[in-house]
Structure formats: C-alpha cells, structure tokens
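**Student:** Residues per chain are reported as follows:
Number of protein chains: 2
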Amino acid sequence: MRTVAQKMLQTCNKLFSRKTPNDVLEGHPSNIETAAQMDNIQHFSSPPNPSCVEAAREHAHHVEAVIERAHHGGGWLLSGIICINILILGCALVSGSAFNSVAITAVHRQIFLIILLLLTMLWMLFYTVVTSRKEQAVVFKDSHAGPVWLQAGLVLFGLLSLLMDIFKMATYVGYLHCDSAVKVAFPVVQAVFLFVQTYFFWVHAKDCVQLHTNLTRCGLTLTLSTNLVVWMAAVTEESLHQTEIPELNVNVSHKMYRASYGEKKCKCTFSVCDTFKEAFYYLYPFNIEYSLFASAMAYVMWKNVGRLVDDHSHHHVKFRPKEVCFGPFMGILLVVAGLVTFIIYEVDILKEDEGHRNRALLIHFVMNIVIMSLMSLSTMIGCIVYRLDHREHVSEKNPTRSLDVGLLVGASMGQFIISYFSIVALVATRARGYLNALNLSWAVLTVLQLGLQNYFIIEGLNREPFHVMQEAALHTNAHAFQEHAEMSTIIDSNKSSYCLTPSEDKPNWKRRVLKEVCAFLLLANIILWIMPAFGARPQFDHPTEIKFYQFKMWAAIVNIGLPFGIFYRMHSVASLFEVYLIS
Amino acid sequence: MRTVAQKMLQTCNKLFSRKTPNDVLEGHPSNIETAAQMDNIQHFSSPPNPSCVEAAREHAHHVEAVIERAHHGGGWLLSGIICINILILGCALVSGSAFNSVAITAVHRQIFLIILLLLTMLWMLFYTVVTSRKEQAVVFKDSHAGPVWLQAGLVLFGLLSLLMDIFKMATYVGYLHCDSAVKVAFPVVQAVFLFVQTYFFWVHAKDCVQLHTNLTRCGLTLTLSTNLVVWMAAVTEESLHQTEIPELNVNVSHKMYRASYGEKKCKCTFSVCDTFKEAFYYLYPFNIEYSLFASAMAYVMWKNVGRLVDDHSHHHVKFRPKEVCFGPFMGILLVVAGLVTFIIYEVDILKEDEGHRNRALLIHFVMNIVIMSLMSLSTMIGCIVYRLDHREHVSEKNPTRSLDVGLLVGASMGQFIISYFSIVALVATRARGYLNALNLSWAVLTVLQLGLQNYFIIEGLNREPFHVMQEAALHTNAHAFQEHAEMSTIIDSNKSSYCLTPSEDKPNWKRRVLKEVCAFLLLANIILWIMPAFGARPQFDHPTEIKFYQFKMWAAIVNIGLPFGIFYRMHSVASLFEVYLIS
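Listed in order, the protein sequences are those of chains A and B. Position 184 of the first sequence, counting from 1, maps to 190 under this note's numbering, and the rest follow consecutively. Position 349 of the second sequence, counting from 1, maps to 355 under this note's numbering, and the rest follow consecutively.
The hints are all genuine.
Per label pair, the in silico range of CB-to-CB distance:
1) B:K140 - A:I387: 32 to 42 Å
2) A:P471 - B:F540: 51 to 61 Å
3) B:V346 - A:T134: 54 to 64 Å
4) A:V198 - B:K147: 50 to 60 Å
5) B:S379 - A:I121: 26 to 36 Å
6) B:A443 - A:I117: 22 to 32 Å
7) A:E141 - B:I390: 33 to 43 Å
8) A:K147 - B:V372: 49 to 59 Å
9) A:K273 - B:R365: 49 to 59 Å
10) A:F276 - B:S379: 51 to 61 Å
11) A:R139 - B:S379: 38 to 48 Å
12) B:E284 - A:L182: 55 to 65 Å
13) B:L368 - A:R436: 51 to 61 Å
Keeping only pairs whose Cα atoms sit at most 27 Å apart, straight-line, the calculated DSSO-like set for lysine-lysine is:
14) B:K558 - A:K558
15) A:K558 - B:K553
16) B:K283 - B:K273
17) A:K553 - B:K558
18) B:K309 - A:K309
19) B:K558 - B:K357
Computed, partial: chain B to chain A, Cβ under 8 Å:
20) G102
21) T435
22) N460
Since the hints were derived computationally from the structure, they do not count as laboratory data. Since this is a predicted model, take the numbers as computed values, not measurements. Built from N, CA and C at the ideal position, the CB exists for glycine as well.
Just chain A, same shape as in the assembly:
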C-alpha cells in the first residue's frame, strides 16, 4: 500500500515537474518540507488528472506523516527559539520593573510592549494581505481549531479590554503634563492591536497554512509570546495595584510596598481621573483573559502550520436537548441559586459592617460547597457509567484534541494551585472558626471536583462517538463489523454486540445518564465561571491566607491562578458540550 502510494506520488510529480514554473519554489530544494509541500500544492492548484488528485487525497495520511516529521526542521526550531527569547526577556523586564522601580520603570516595559505589539501587527497585516491571499496558501482548514466559544470569548474580552484601554487613555491624558507620553501611547497601540488581532483570529484561526511556513511559524510564535508578555505584565500590574490599596480588614503593613509609590507628586488635571483609574483596574482581569485566549489560539494555529487535514472525519451531530431533563433542570436551579447568592455577596461584601461581610462570605462558601459536592457526586456517577460502558476508544490520531486536553489540564493547574495553597494555610492555622472550616471544605472539594472532572472529560472525549457505532451497526457489512471488532475478539460476544442493540430514537440508560451528567456539569461550570469572572474574590475578602502567605505572595498566586481557573471553566463548558454530543 505504501509503495503503491509512493509510486503514484512520483508519477504525479514527474507529470507536473515539467509543467509547473519553478519560481513557485521557495527556499532550498533540499528541504523535505518544501518538497512535500510542492507535491501537495501542485496536486491541488492545477489538477489536470483527477485520479491523481484522488490518489493524493487518499494518501493524505501518508504525506501527513512526512510533513509532521518535517516539523522538526528549521522553521519549527527557529520559531521556538524566538518564542523562548522574547518570553524570557519579557519575564526579566516585567520582574525587573516590579522589583526595582528605579532603574526599570513602567515606561521601559511599555516601550518594549509597544515594539512587540507593532511587530505582531505588521506580521498579521503581512499574513492577511500576502500569504492568505494566494490560492495555495490555505488549502486546508482545521474544523476543530478556533471553536465558537473561544471566538466568542475573544470578542467579549476584547471589547472589555478595549474599554480598559479607553479608560487608561483618559486617565493618563490627565497626567501628560508631568508623566511620560508613553503611558498614553501604550493603550492607543494596544487598542489598535485588539482590533487587528481579534479580526485576525476571527478570520484565520482555522487555517492550516501551506505557504511561507517558516515565516508563518515565526510570526505565530511572535504573536504567542507577545500575548504572553502582555499577560505577564497585566498580572504583575494588577498584583502591584492590589498591594497598593489598603485592605479593609487586613492588618498587614503595606509600608514596605507603598514606599516606592508614595512619592506621587504628579496630580491629575481633571477630577474624574480617580474614577477612571478605579474602573480600568476593575477591567484588568478581562484583559488577562483576552491574552490567554489569544495565546491559546496562536498556539493552535502554530501547531496547524503545514498540517494536511482530511475534513470528512468531522461528523455533524444533531443537538437534541429533549433527550435529557433532570440534569438541565438541576443545572438551571443551581445557576439561578448561584446568581442570587452571587448578587447578595457582591452587595454585602462592600459594606463596612463586619457582620454583613461575614454573612456574605458564609453564603458564598456554603453555595460553593453545595455546587462542588453536587458536581463531584454527578461526575462520580458519570465515571462509574464509563466503567460499565464498553465503548471503544477513538483510534485515529487527533492533534487538536490532544492539544485541547493539554490546555484543559494546564488551565486546571491554576485552580489546583489556589486550592492547595488554601488547604496548607488553613490546616497549618488549624482552621479555627466556622468561616475557615467552610473555606477548607470548599478547597478540598474543589481539588476533588477538578480531578474527577478532568478524568470525566478526557475519558469522554476519547470514547468512540455513539452515532459512529450506530452507523457501523446499520451498515451490516461484515467487513465494517470486523474492523470495529478487531481488537475486541477476546471479549465475549454478548458484550461486544451490546453496542448494536440501541435503536436510533431511544437512547439506552447509560447514554441517558451520561448526557444528564454532562448537561448538569455544563451548567454548573457556567455558574462557576460567572462568579469569579465578574468579581467575586473571597480569596481577598477572607484574611487567613493573606496573613499566612503575606499579601504580596498571595496576590501573585491568586492573580496567576484565577485567570487560568476562569479559562478552565469556559473550556470545560465547551468540552462537556462535545462529550454530550458524542455520548
């Protein structure tokens, strides 16, 4: 089979090599990648022999292996080195400006960021105008990349970041007479960047680029590292800002941190400055989220450069919400209850009275414990059903899916870190008082829930979709059956044939349970997303951890961990939807 394919490719090659002008060739002809792409592009750009094109399509898998190997070539390596260098330089600059505000000021950091943003925009314009215009540039689209929730999140957080930039401009215009103009220039550049980048990812997130691959790889890692440096800068700025504000009920001395910010002789020329400043710091978390979303999309695009995908593997599944009722009903109840307690919390926590604030914390903790317990319970049921359920694991390789799983697990790390640090602090101080005890239970349940949910989602994504198995059952073709049963011949026959019994309309009880669990978890994740995304920060309203770790460190932990936690919840919602569809 392999040698046949090779011969066909070679024949096609010989046929075309006389017809195709040589100027399409870029770079060194010795580069395997270019050669393979040439093959590929020649087949698709001017197909005089349809059978050849068919053959090439059929053997896409073989060529893909070649291309994937070529990933280890020059462009891949160079783009990696560029990414590492920008990231570490950015990290050094950001920490330098945080720890030593004399020699490296925010202005230096912002100049560096402006340069990065301009370079990235230049590349994006170049890509949009030059590369993607050519017919051969994007022959394939990865239907898994840039899903709707990521695109929608990008636009939503992009708009809120834009608002932040507008507030920033308005604030720093008032300081222009005594502060650097860079502080106005940076939000202007960033606002333009937000437009360009959001447009770029909206249009091109699914591209599998085949032309100028080396340049595109470098451009995408530039985008990735720019977003990560912006993320680092935003996290640091927010942490520093939080340490500046005197906390209401925390008797930690802020003198040490305030020393460097104390000499603010520069006064704003108009009175609304402080309001604007308050407002834009409130919008920082959205900008942090935006950078994370954009980084994820840039990374997926980078992985897809030079990939050849066969689109037909994407099954369109109908979404039939009528199949389930208990899960969504409980989920909606939970969302409504969560919203109510969230509003009570937000109102009460700002009050001066200690009793009101403690009540707000009490309600918030109890609500979260209830949510976590119900989620853990339902996930456990789901996991048990998986053990009983003998569906096959998916056999085909799916880079986007493994990337998705990686992002999911990576993002869950943020919430894991916050919870474990809470647990250690609370256990070490022996969790005195009902609030501490509740906080500890919440943290322990969160760890449990995260572990279970990760297991449930990954296991669910790796199972063969039910409708595929039904198709296999409907085609009562002996060969198709054989392929499916290939690995399960030692399983006794009544078990392997069970998947053929359910009829089209009535799902069996295992599918039903899985769907209910998915629907419930999906809605629960939505409320767990809403609460921290729109301002619930019990981590700062409750003093135990702050006292234990000192404010600066705790602020760093929460400000790094929480945005990942929020990203994790959104990602979970999307993944659970997918699990729902294939269950």
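We have chain A already, so just place chain B on it with the hints.
**Tutor:** Chain B in isolation, oriented as in the chain A frame:
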C-alpha cells in the same frame, strides 16, 4: 496491508484463546490496552507457531499505534492526576514553610517528604520483587533510555548526596536535646532512598513495562513527583541558607530575612557541628542535580510503559577518534585553560582583599567570554555546513529522541533565564565599570551560544546518519535507492547522488567539519559543566544583580536556573557525542 495484518492477528488470537489460561487477564477485558497487551504477551511467551510471531513482530508498528492511543486510558490519566496533586501540595508546603516559618516549620515539610520517600521505596521494592520478576513483564528494553552519562551522573551525584546526608545526620544529632528528632530521621530515610532509587534506575531504567501497567504508571509518577518535591525543598533551603550568610561585599540589609532565624537558642553539643553544617550546605547543589537526574529517568520510564520497541533500529557505530584532530586539540586547550582559571578564581575569590577578588572575577569573565565566542563561532560554522549538506531528515518516529530534545530545550531554559535577568539588570544600570561590561558581554554571548547550540544539536539529531546512507549506497538495489530518493525526485540528480560518492574510509570535508565542531563543542561543554558544578558562583560574587533584584529574588533565580544549566551542559555533551557518531 493493514487488513492483512488484522486478519493475521485475529487468527493468532483465535488460536491462542483456547490454550491460554484466563487468569493471566488482569483488569477489565473491555480495556483495549489489556487486550492488545494480551495479544502481544501471548505471542511472545509461548510461540507455538513461528510464522505468527514473525507476523506480530513485523506489525509491531501497527500495534504500537494502538498501544499509544491506549495511553490516553485510565492509568495514564490517573497517574497524571496523582503527579499534579503531589507536586502542587508539595509546592504549597515548601512555599508555606519558606514564607511562614511559624505555622509550617521545616519539620512539617520533612515529615511530608519522609512519607513520600517511604511510599516511593515501597513501590520500587514491589516493582523489583513482583512485577519485573514475571517473564512477560519486560519483554522490550528501550536502548535509548537511561544512557550511560545519565546513569553515571546519577551514581556520582548520589554518592555526594549520601555524603550530604551523613553530614546532616552528624549535625542534627548534636541538636537532638533541643530540636526535633525528625531532622535526624529525614537524612536517614533519604540515605536509604538514595541507595534504593539508584539501584532501581541502574537496573530498570531501560524497561518498557508490559504488566500491571496502570500501577507502574502511578508508581513512576509518584517517583517523579517525589524527586521534584525533594528538588523544590532543596532549592528553597539553599536559597534561604544563602540569604542567612552575610555576603562579603554586598551592603544589602539582611535584617529582614534574618529576623525569622535570629532566635536560635539551641546550641550544638559538640564543636565540629558548624563545620559539618558548612560542609553539607556546600553539597546541596549535588543533591539538587541528583533529583533532576532521577526525575528525568522516571519520566522516560513512565513514557515507556506499555511501549513496544523493535530493537533492530539501533545501529552500532564505531567511534573512531582519529578522524578528527583540530577540534579535540582546541577543545583540550580550552579545558586546560578553563581549569587553570577556575582554580585561580576559586583561590582568589575567598580573599578579603577587594583587588584580588576583582582580578578573579575579571579572569573568570574573560575566560567565559573567550569560551562562548569560540563556541558560537564553531556552532555557526556547523550550522552553515548543515545548510550546504543535503542529508535527509530521519523519517521514523522516535519518542525517546523527541523526549531528549524536550529535556535539552527545557534544561537550557535555566541558563537562558539567568542570562536574560543579568542582561536586564546590567543594561538598566548602564553597565558602569569594566566588570559590568564584561558580565554583560558574557550574558549576551551565552544567550547567542545557547540558541545556536540548541539549533545545532536538534538539527544534527534529526539528520539521517551517514552510515545508513552509505549502506543504502552499498546495496545497489534499485528498490532501496528508490525508497531513499522518494521525496527528492525534484532535486536535480547531481545533488541527490552526492551522498553516494564518499568512500568508506575518507570522510568528505563536510562530515569532517561537522565532526570537528562536535568534538570541540563537546569538550567546551565539559569545562562549562565543571566550573559551576564545582562551585564557581560569579552570580553571587558580583554585586550588580544582587543590588538590582534584591538578594532573595536573585538567589531564587540562580538556585533554580543554575542546576538546570548544569544538567543542560551534561545533556549537551551526551547529545553532541551522538551527533558526532551519526555525522
């Protein structure tokens, strides 16, 4: 081809399923992994039909794909979740004990570590006694895993860690009347652990375990996370210890850091205590290295669980050192010069006199700049030769190699971080004085050299070995030629046939240059390994960065970054040796 293989596998299966007793089956029969392994084990343990075994051997690649997919199953996931949980809990405990020495003391951390060490040892004993004894457990060995340099490094650093533990025991026995007994128990347990673990990796590092895979995966991630937690604890302890010692020429106030250590009323009962304490802190870097080495080996073993390797892909290449002369000669010169300046540095830096110390720093900086420049230059020559050289890239998938490359790039991150933080500090303070200027040049050249060397090594490892190409030339089999030339048909024929011209004995100039470059870089990396590994710490002897970032932060950066840097140099030596052999 695929369907034929499937049919053969099924036939084999049916043949055996009657003969094999069912009690070999562990876990759920629905698990694909178990099923596939069963196939495999059945084929190899009692082969009644040699043609069947042959067929199975031949189609190992196909089965491997199935097994690799099954990696995403239960054990893989569970072991990952265990690893994350232990790591983050360890991280929280270690930071808790570093930042808050009241509620969480070193004793708590050490109790946690003792539990981890005991659990890991228990698993290792279980593995050695139960799993690996069974005949079917380890049918395959990965010849790439656990190379000699890693094994040798593990033993060397293990011995030095053992020395550290002995000193620790001797010290804390003197404090027994007023301090916790845990401080004596911990080094005792760790010493036993060092023996058990070093033996374990010495014997089992190459195993591709096929039995109890889920348990083995969990055990290996337990080993991995234990080593990483030990590493974290050691790094933190060393950083805290360094901030305790008043630096000679640094006028940073240590009051803040000393506050928590000031109340040491507990006195040692014998006089040599302080000498022991001095000695064991000097040995900390070796323990840090040991943990990193062990982590790397545990990770490789974890990746190899359930893998089926065909050993015949390992070519034995003769090492003929006579082929090259200029590179090794220059390299040896560099090593000797480096050793001389290193000794001068170590002697002079301890003197009270400012002039002597500055001279020592001057010599050290100049020597490092010379080494880095020569290395960058030779690596650039090597990279140019790669561009001229049209050897094919390796087509077969090699997980150990990609892991190796990952470890190489990951470890280089440590040196990158130190260099970039230096650059930022020096540029921000405008690098006044000759020492600062030299330090800056050194840092910039290091970044350049690291980037180039990473490129050179990865590119070298991904090229088809020369001897393989010669073999292809010697077998003047038309089919073999066709397979090789498969992708290069559009390259004109004189280029693609060049690789067939060199005779067996006299390498052409390109090979010669590559070998010279490899030999030179190898020796240069050895001296760059020796200097920091045996105590050269210009990062702490030169005050600019300490003043800029404050001592605590700079100590953390160097103590995390430098061990990775040392690991990187050793890894580079091994990789360059491999590149030398295949060039």
